[in-house]
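> Sequence:
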Amino acid sequence: MERVRGAGAVLAVLVVLGAPPAAGEELSGVLQWMGKQECHFINGTERVRFLERHFYNREQLLHFDSDVGVYVGDTPFGEIQARDYNSHREYLKYKRGQVGTYCRYNYKLGTPFSVERRVPPSVSISLVPSSSQPGPGRLLCSGMDFYPAPVQVRWFQDGQELPEHVVATDVVPNGDWSCQVLVLLEIPPRRGVTYSCQVEHVSLEHPLSRHWEMPPDTVRSKILVGVGGFVLGLVFLALGLGFYLWEKLRPQPSPARPKLPKTAPPRWFGAVSSCPALGMERVRGAGAVLAVLVVLGAPPAAGEELSGVFQRITKRECHFINGTERVRLLERYIYNREQLLHFDSDVGVHVEDTPHGEKFARSLNSQKEYMEYTRSAVDWYCLHNYRVVTPFTVERRVPPSVSISLVPSSSQPGPGRLLCSGMDFYPALVQVRWFQDGQELPEHVVATDVIPNGDWSYQVLVLLEIPPRRGVTYSCQVEHVSLEHPLSRHWEMPPDTVRSKILVGVGGFVFGLVFLALGLGFYLREKLLSRRRPQPLPVASGPAGTLQSIPTLMDRKTEE
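Anchor point for the sequence shown: position 519 equals 519 in UniProt numbering, and the numbering is continuous, going up by one each time.
It should be emphasised that the hints constitute simulated quantities derived from the structure, not laboratory data. Warning: the hint list may mix true and false statements.
[As the list claims (entries may be wrong)] Derived BS3-like pairs (lysine-lysine); straight-line CA-CA distance at most 27 Å:
| hint | residue 1 | residue 2 |
| --- | --- | --- |
| 1 | Lys93 | Lys108 |
| 2 | Lys95 | Lys108 |
| 3 | Lys36 | Lys368 |
[To be verified] Here are the simulated distance ranges between beta carbons:
| hint | residue 1 | residue 2 | range |
| --- | --- | --- | --- |
| 4 | Glu358 | Thr448 | 48 to 58 Å |
| 5 | Gly438 | Gln81 | 56 to 66 Å |
| 6 | Ser530 | Ile223 | 30 to 40 Å |
| 7 | Arg397 | Leu204 | 41 to 51 Å |
| 8 | Asn174 | Glu59 | 19 to 29 Å |
| 9 | Asn174 | Thr194 | 26 to 36 Å |
By construction, the Cβ of each residue, glycine as well, lies at the ideal position given by its N, Cα and C atoms.
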């Protein structure tokens, strides 16, 4: 819905849509014409302006302004239609009178659930990934499902408002009498800093705030644990190899008589080892906060007060079966999302759908000239426009762009779920299927309806509910009338780099412990063997410093 200028608006939209054909019938095409009726209220009903605009294929052809009093053409073709409308005096008088019969009358009816309607926003903060900017991502504040549209959103950092580095959407209507707004903080958040998103709205007595702090970096912690284990394993490996090489290379005691000092000190085995401390300084990020005011619709002029907005929609549908072999006109009147009455060319009169719609149906059916005009719309409206727009509607073909992404799931276990997106295709009919290693998966699939983008293109999202497995190839296949062959996209789970780093660290740690045990084993073995070896005989020193052996038993007998 485009922006409505002025203090308020009442919108009537006539859209030519295609309904699905009956079984065995072929849908030939879809075309669109739209009429917007706006009521601008300044200071309540003190000043009221009625504006009606006619669009065809998204181009404004002509308009009626109650301040002018006649239709004005905006294109050469619109000028022809404007002259035709202005030539019908009764119809022109009816349009001029809609300031009172339509705008002021409906203002009184719609005030309780439009001007006085208040729905507070639901506010949340989320961290969204950024593929083009460094850092962990960007903070997104979402204000959802509020009414009316004017809203003010601000970002705070540790209680201090930061008005810069902000990107905000316009206030977007949801189509169900509620609105939403998204406000992005462009700079990356910092650890240890509290961020707050504050929303002010007419439905709230006090501003509504949500707070966010960066959670512990579990992935980084796991990586550091793995790196620490790997380094510690290397240290143990170095110690074990050191013990082993020291025992292997040190000189062994000889069984021959060594030259010993007079006093042999006790034998000590010793080793001194030092390892520099390894550490990583915590990184503190930087952040900023924003303040933004977004209001849907242009503000009123100075001194004017916004009174309210409400809506009435009229949908006019042309159903073409097998080209123009059979044509059916269906016109539906909807007020506040409730269908009041409808006209079906196969019936020929207006039929009420609610008690209030019964009054409108009787009033419209009593106007013979208007009924003839409505019944003849099958020819002058449906058939005529079908011939005009066939080249760029019925024959239009735009192929879809297809992609697969892994989306997180907060309610289901596993790494997430696979989402297949088919974007920007025309016409709407499309078929999307999931495959696993070439085998179709007809179950565990959730798909959206085909969604119109508003620019003559469509999109569809199809979710695979089961979690993906490692080593399996998943394929999303899309069939569309614009494609000669089905279009497929394939996806495999990438390697778990974090898990790999942790396993490498743990492996290094265990490997180091093994070598440490081997080194200690060699040392203890050599220690025990050295104690069991026979010791050389002690040597005594005789007079005059000559060496003298200790006399044996045989020597003593000889001396005797």
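> Does each hint fit the structure? Answer for all of them.
Comparing the hints with the structure gives:
The suggested pairing of Lys93 with Lys108 holds, with an alpha-carbon distance near 23 Å, which does not exceed 27 Å. Distance hint between Lys95 and Lys108 is fulfilled; the C-alpha atoms sit about 19 Å from each other, no more than 27 Å. Distance hint between Lys36 and Lys368 is fulfilled; the C-alpha atoms sit about 25 Å from each other, no more than 27 Å. Hint check: Glu358 to Thr448, Cβ distance near 37 Å, so the stated range 48 to 58 Å is violated.
Between Gly438 and Gln81 the CB atoms are about 57 Å apart, so this pair conforms to the stated range of 56 to 66 Å. Distance hint for Ser530 and Ile223: a CB-CB separation of about 46 Å, inconsistent with the stated range 30 to 40 Å. One distance hint, 41 to 51 Å for the beta-carbon pair Arg397 and Leu204, holds here, with the actual separation near 49 Å. Checking the proposed 19 to 29 Å range against Asn174 and Glu59 shows it holds: the Cβ atoms sit about 26 Å from each other.
The hint said 26 to 36 Å for the Cβ distance between Asn174 and Thr194, and at roughly 31 Å that hint holds.
The structure fails hints 4 and 6 (numbered hints given earlier, in ascending order).
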